[in-house]
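Colleague: Residues per chain are reported as follows:
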Amino acid sequence: MSKEVKSESVSLCPLDTAAAPVPELLCIFGTGDLGRSLGQRLLQSGYRVVYGSRRPHSCGPLPQGTQVMSHAAAAQSASLVFICIHREHYDFLETLAPQLKGKVLVDVSNNLKKNLYPEANAEYLQRLVPGAHVVKAFNTLSAWALQNGPSDANRQVYLCGNSADAKQAVTETATKLGFTALDRGSLSAARELEDFPLQLFPEWRLPLRLALGLNITFYVYVVVRDVVYGYVDQGKDISFRMMVSLPNKVFPIVSLIMLSLCYLPGVIAAFLQLYRGTKYKRFPDWLDRWMLCRKQLGLLALGFASLHVLYTLIIPIRYYVRFRIAANTVSEAKLNKTSEFDTTMAWRTDSYYAMGILGYGVYLLLGITSLPSVSNALSWREFSFIQSKLGYLTLFLCTFHTYLYGWNKFLNPSYYKWYTLPAYMLSLVLPSVVMVLRLLLLLPCVDRTLTRIRQGWERTDPEDDSKKSLLT
Amino acid sequence: MSKEVKSESVSLCPLDTAAAPVPELLCIFGTGDLGRSLGQRLLQSGYRVVYGSRRPHSCGPLPQGTQVMSHAAAAQSASLVFICIHREHYDFLETLAPQLKGKVLVDVSNNLKKNLYPEANAEYLQRLVPGAHVVKAFNTLSAWALQNGPSDANRQVYLCGNSADAKQAVTETATKLGFTALDRGSLSAARELEDFPLQLFPEWRLPLRLALGLNITFYVYVVVRDVVYGYVDQGKDISFRMMVSLPNKVFPIVSLIMLSLCYLPGVIAAFLQLYRGTKYKRFPDWLDRWMLCRKQLGLLALGFASLHVLYTLIIPIRYYVRFRIAANTVSEAKLNKTSEFDTTMAWRTDSYYAMGILGYGVYLLLGITSLPSVSNALSWREFSFIQSKLGYLTLFLCTFHTYLYGWNKFLNPSYYKWYTLPAYMLSLVLPSVVMVLRLLLLLPCVDRTLTRIRQGWERTDPEDDSKKSLLT
Amino acid sequence: MSKEVKSESVSLCPLDTAAAPVPELLCIFGTGDLGRSLGQRLLQSGYRVVYGSRRPHSCGPLPQGTQVMSHAAAAQSASLVFICIHREHYDFLETLAPQLKGKVLVDVSNNLKKNLYPEANAEYLQRLVPGAHVVKAFNTLSAWALQNGPSDANRQVYLCGNSADAKQAVTETATKLGFTALDRGSLSAARELEDFPLQLFPEWRLPLRLALGLNITFYVYVVVRDVVYGYVDQGKDISFRMMVSLPNKVFPIVSLIMLSLCYLPGVIAAFLQLYRGTKYKRFPDWLDRWMLCRKQLGLLALGFASLHVLYTLIIPIRYYVRFRIAANTVSEAKLNKTSEFDTTMAWRTDSYYAMGILGYGVYLLLGITSLPSVSNALSWREFSFIQSKLGYLTLFLCTFHTYLYGWNKFLNPSYYKWYTLPAYMLSLVLPSVVMVLRLLLLLPCVDRTLTRIRQGWERTDPEDDSKKSLLT
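Chains as they are written, first to last, in full-length UniProt numbering: chain A, 1 to 472; chain B, 1 to 472; chain C, 1 to 472.
Please keep in mind that the hints were generated in silico from the structure rather than gathered at the bench.
These numbers were taken from a predicted model, which means no experiment stands behind them.
Treat the hints with care, as some may be off.
Copies of one chain are not kept apart here, so a pair can be met inside one copy or by any two copies together.
Claimed, not checked - Simulated pairs of lysine to aspartate or glutamate, EDC-like, Cα-Cα distance not exceeding 20 Å: (1) Lys295 / Glu203; (2) Lys295 / Glu382; (3) Lys334 / Asp33; (4) Lys334 / Glu88; (5) Lys409 / Asp152; (6) Lys334 / Asp237; (7) Lys295 / Asp447; (8) Lys417 / Asp288; (9) Lys236 / Glu340; (10) Lys114 / Asp226; (11) Lys101 / Asp195; (12) Lys417 / Glu172; (13) Lys389 / Glu340; (14) Lys334 / Asp226; (15) Lys236 / Asp33; (16) Lys236 / Glu458; (17) Lys389 / Glu332; (18) Lys236 / Glu332; (19) Lys236 / Asp91; (20) Lys389 / Asp152; (21) Lys295 / Asp152; (22) Lys409 / Asp165; (23) Lys281 / Asp342; (24) Lys334 / Glu94.
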């Protein structure tokens with residue numbers, strides 16, 4: 001029966017001793033901040049705690065109810081030892097090897113940078129104390145979570161180690177502290193676990209930089225074509241358009257380009273496989289890296305599409321728009337001229353909006369299915385159906401939306417200010433290319449060959465064949 | 001120490017051999033595409049791999065660093081054997097029974113169709129080699145994931161088998177490959193695991209078909225009543241309304257009907273229990289199936305409601321709407337007539353919009369709580385509170401929104417074109433019925449009886465009672 | 001081989017008996033509703049079931065295929081016993097202690113209220129039968145889920161107990177029934193598990209009450225300032241504004257205040273740590289509780305911000321707005337006056353909208369990352385980056401949005417109706433305070449001290465120091 005429960009429930013009769021196990025004793029090496037936080041939490045969860053310290057008599061305040069001893073004495077009193085020491089001071093543990101033999105050592109350390117040392121801290125520890133069972137654990141939690149228990153991004157304790165029993169012991173402690181333990185395999189995974197808390201969206205960097213670059217480029221482009229041109233050519237100050245109108249041109253362009261960049265690497269990979277006649281050769285590194293950040297590209301593109309939606313929907317409440325509409329209506333009323341209703345125009349604009357809405361709807365669906373809990377619940381056939389079939393549908397709808405927006409503007413010379421292309425035209429290049437290439441891959445003869453290659457078939461040239469027989 | 005880590009970190013000093021276990025040797029039967037992919041991945045994760053082949057000397061290129069032997073020799077060298085062979089060729093394994101005795105056989109096979117064979121592949125394998133421990137695993141992953149490691153819908157390895165030790169061994173391998181293993185129980189779950197990768201949204205089929213049917217029906221209905229009628233009766237071409245205006249009539253109607261179809265089966269079930277006087281009789285099959293797809297019905301309805309929101313919000317930027325507003329204003333200005341401000345109208349339309357927004361807001365909340373990770377974090381009391389209480393609130397708000405939309409239109413004969421009802425009226429039938437039935441169930445006397453029945457009480461007729469005593 | 005599979009697949013040849021284990025026999029104490037439901041489900045999953053009953057010959061209808069015996073006889077026939085009895089009747093189990101020795105007892109009971117008894121039901125059971133291995137499990141599932149298998153909020157079986165083997169046995173049964181078992185540690189966690197199904201959003205209560213209070217207060221405030229003032233002062237009936245215009249004033253105000261209430265406690269905590277010179281003193285209770293409901297505050301604020309967005313986007317389709325715009329245009333046309341285009345106004349309003357949209361966009365991102373599955377996939381460094389850096393960005397953008405909305409209104413006396421401040425000004429107080437305090441904390445000298453304190457450093461007064469040495 002743990003301390004915690006005792007304090008809550010008033011036991012009126014003495015409990016049967018068999019049913020109330022004596023609280024387990026755990027050992028912590030290190031009386032620094034981490035050791036103190038962890039000790040506090042262990043005490044609260046019903047453990048007894050003993051600290052191992054270099055200077056047991058002058059190590060600063062420790063949680064009430066804990067003991068402090070020399071490292072050797074502390075190690076011998078418990079079967080599980082938390083190592084809350086910086087890696088730089090690990091070396092003294094070598095001298096404790098006899099006392100630590102057979103103990104479970106929990107390495108909770110992190111480094112300040114990646115690749116600071118040739119081997120992971122936990123592997124170094126295992127090398128210093130070969131007779132102990134080192135388990136890497138708890139290092140992915142924040143000190144706050146170690147002190148206060150699980151919260152949002154601190155629910156899961158990843159652990160790894162070579163001894164299944166040692167991992168089981170650590171798992172039970174983690175569970176008792178309120179965390180969910182996730183086994184990550186043998187101690188060779190320690191480096192990965194040590195890198196985890198250091199990372200800050202590594203797989204988002206490239207897509208974010210790309211998005212930033214595209215946004216800046218196109219923003220400058222449209223500012224020059226709209227605001228600067230308007231000022232130079234007609235002397236009008238329309239700089240206020242920089243807040244809403246121009247971002248609402250840039251965001252959909254960036255979104256469409258990034259969406260097509262999601263699907264371009266897959267198409268390139270298919271052509272590469274066709275050209276090589278095998279799927280067993282590795283793709284070039286740049287293609288591999290590109291394919292691995294497709295999800296991030298797609299989600300960023302969805303973000304920009306959402307901004308485009310919001311920027312579009314506030315159009316009618318903008319002062320500028322209301323002013324222009326009112327001015328038009330007044331001048332119509334004055335001239336007593338009634339403009340003719342243009343059915344083609346109504347068809348075109350309504351189709352344009354409808355494509356945009358449907359495209360955005362399917363896109364949102366793609367976004368929702370890429371939430372971890374949703375994609376985990378799907379079979380990969382379902383997942384690839386959504387990401388491939390519905391993905392291409394999204395690309396088609398959004399591209400068609402842009403073509404309808406353009407309509408016959410490309411015939412009108414006034415759109416080519418300073419001999420530059422309107423920005424929307426530039427955004428159409430990439431998606432059009434992707435869709436044409438994709439259609440080529442769907443041709444029966446191409447599709448058949450590709451399917452065979454993906455099922456393991458290899459095109460063999462006679463000379464190539466002889467080489468292979470030498471290799472295997 | 002695994003190969004992978006060695007290649008990354010440059011070990012400057014020789015490692016203690018005790019700390020560096022010799023890589024485990026695994027065996028793969030079958031040198032086809034799947035076998036090659038799996039072997040590659042196992043090698044990369046630090047295993048040694050040996051292939052078993054019918055023709056060990058002519059089996060095509062295999063990953064560098066692997067060996068290939070006869071089946072018998074390969075089986076004896078490892079304690080865990082992956083069976084990467086099509087089920088049709090399993091029968092030869094019967095002759096290997098002596099060599100496979102006590103080994104863990106991992107069945108990774110899938111069939112091309114459901115119910116192709118009377119028993120699951122893994123159960124067939126167990127029957128052929130009764131002395132081995134068959135574990136069904138890895139079959140739910142794509143070949144791509146087997147070769148390249150976990151990705152979105154390929155993180156979890158489901159496994160089942162009769163031997164706990166065998167499952168533990170496979171779990172460790174899966175973990176080392178980077179996957180999360182999920183135990184699905186004894187080998188009798190193998191069929192379920194084999195069907196899983198074949199499924200393509202089975203529980204979404206019925207709701208999707210229903211949504212499609214309703215959409216087409218109502219779309220045709222409103223096209224006839226609006227566009228065709230307008231053309232026939234007044235000779236006007238308003239066909240452009242087919243892109244935005246008419247979908248924006250159809251989507252909310254389909255959404256409201258599907259939302260009420262979510263709550264209708266629960267009400268029917270309650271009345272059935274009241275009528276039967278017991279909860280221990282099974283519901284008819286159609287009702288069971290209906291109740292099982294309520295979540296899908298609700299999510300599709302939410303999708304159509306979202307489309308309705310977007311279609312509504314773009315109304316003021318449509319060319320047609322702007323044209324009409326301008327034309328009205330111009331004619332008002334010309335006639336110098338100022339229309340009176342109608343406070344009732346302002347109240348009615350604002351209430352109508354407010355109900356719609358609030359209804360959509362609660363509806364979104366329902367959708368969010370049905371995300372797997374959110375619903376897992378709720379207790380079932382919380383979940384049923386949201387899905388039932390907030391669900392009926394959504395239904396009420398959306399129905400009220402539609403009634404306010406209709407207002408007194410039902411009094412105006414011009415709305416009954418060609419003696420047909422306006423579409424919105426048709427959409428009100430089902431939700432109104434559901435809410436009336438639900439209110440009946442809330443009557444104290446009905447509610448009391450229903451609660452007792454759901455707590456296990458049974459209404460017993462004298463004759464019925466005598467029958468039961470014979471049965472038990 | 002389980003019953004279920006047998007009925008599905010037609011086995012043509014007799015199965016090897018070694019491969020087909022005899023179905024396991026489980027025992028259920030109690031023939032009430034819960035016992036019946038559970039028994040049915042166990043039967044369907046391939047177990048044999050025996051009931052223990054006080055009156056084995058008159059205990060009402062039980063699932064076909066089960067046996068019923070006296071408690072003692074039933075207990076001896078199985079190694080795992082489900083206790084489907086109310087806690088009030090547990091006492092008779094004491095007399096069965098000899099028969100239950102070494103058995104696994106699964107306590108599935110729940111209480112009607114929290115804290116009804118001094119100890120958890122499962123702990124009471126363990127005390128009554130000290131020789132048995134009590135496991136608390138299945139109590140978090142609804143009776144419906146026990147009868148029909150896993151569904152949305154009923155996928156996970158939480159269990160706890162002092163014996164690892166007993167928990168393993170229960171885990172296997174749960175898995176076979178289709179659930180995912182989650183180990184919650186020793187039996188001292190039983191009370192937590194027993195409280196779980198009773199809770200109804202406990203951590204949402206305070207934020208919900210706060211939101212309700214704020215909404216009502218500000219709604220009354222703006223109704224008085226707008227509608228009542230308009231009626232009293234100018235005799236106009238603008239009560240229709242209560243449906244859309246006024247909620248659209250209240251929601252953003254409440255949202256902004258609640259968002260700043262998310263960040264205020266963190267700032268207060270930092271100043272408290274600075275003042276105390278240590279991080280090892282507990283925060284006052286009110287601050288702890290406040291910090292624990294920050295997530296809920298933020299999500300509610302996001303909800304109100306979303307309502308504000310929707311209410312704003314429908315502005316141009318409102319009857320009142322269209323009427324006013326048309327009236328303005330008509331009067332302009334009549335007077336033949338053309339108002340000048342105001343570039344400052346265009347800049348200001350466009351900036352105002354842009355800030356709002358960007359703020360809402362970042363806010364949505366915060367909301368998405370607080371979904372359990374997303375936050376689980378983040379390292380805590382990533383999570384705290386998003387929640388802190390992007391959180392303050394959201395607060396800044398939304399506050400700036402409000403300042404731009406206000407602009408120079410504060411100079412205009414007509415806005416101070418009845419000597420009251422416009423509501424938007426009131427909403428600016430708290431976020432402005434939070435941001436100023438936060439900026440103070442970012443001053444290099446303050447930041448340095450705080451960082452040191454958070455790394456475990458303590459400011460020590462000489463007298464304080466002597467006290468400490470006495471304590472430890």
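Colleague: Reference check for the pair lysine 295 and glutamate 382, CA-CA at most 20 Å: within, between, both, or neither?
Modeller: Classified as both; 16 Å inside a copy, 18 Å across copies.
Colleague: Check lysine 295 against glutamate 203 for me: Cα-Cα at most 20 Å, and say if that holds within a copy, between copies, both or neither.
Modeller: within (10 Å within a copy, 26 Å between copies)
Colleague: When no copy is named, should lysine 236 and aspartate 91 be tagged within, between, both, or neither for a Cα gap of at most 20 Å?
Modeller: For lysine 236 and aspartate 91, neither the intra-copy (74 Å) nor the inter-copy (84 Å) Cα distance is at most 20 Å.
Colleague: Within a copy, between copies, both or neither: which one fits lysine 236 and glutamate 458 at a CA-CA cutoff of 20 Å?
Modeller: neither (65 Å within a copy, 63 Å between copies)
Colleague: With 20 Å as the alpha-carbon cut-off, assign the pair lysine 236 and aspartate 33 to within, between, both or neither.
Modeller: neither (64 Å within a copy, 67 Å between copies)
Colleague: Since the copies are identical, ignore which copy is meant and state whether lysine 236 and glutamate 332 lie within 20 Å (CA to CA) inside a copy, between copies, both or neither.
Modeller: neither (23 Å within a copy, 24 Å between copies)
Colleague: My question is about lysine 417 and glutamate 172: at a cut-off of 20 Å on alpha-carbon distance, are they close within one copy, between copies, both, or neither?
Modeller: neither (70 Å within a copy, 65 Å between copies)
Colleague: Indicate which option fits the pair lysine 281, aspartate 342 if close means a Cα-Cα distance not exceeding 20 Å: within, between, both or neither.
Modeller: neither (58 Å within a copy, 64 Å between copies)
Colleague: Evaluate lysine 409 and aspartate 152 at a C-alpha cut-off of 20 Å and name the case that applies: within, between, both or neither.
Modeller: neither (51 Å within a copy, 42 Å between copies)
Colleague: Is it within, between, both, or neither for lysine 334 and aspartate 237, if the alpha carbons may be no more than 20 Å apart?
Modeller: Neither. Shortest intra-copy (27 Å) and inter-copy (29 Å) distances fail the 20 Å Cα cut-off.
Colleague: How would you classify lysine 114 and aspartate 226 at a CA-CA limit of 20 Å: within, between, both, or neither?
Modeller: neither (47 Å within a copy, 60 Å between copies)
Colleague: At most 20 Å between alpha carbons: which applies to lysine 101 and aspartate 195, within, between, both or neither?
Modeller: The answer is neither: 28 Å in one copy and 42 Å across copies each exceed 20 Å.
Figure legend: structure checked against the earlier numbered hints; hints not met, in rising order: 3, 4, 5, 6, 7, 8, 10, 11, 12, 13, 14, 15, 16, 17, 18, 19, 22, 23 and 24.
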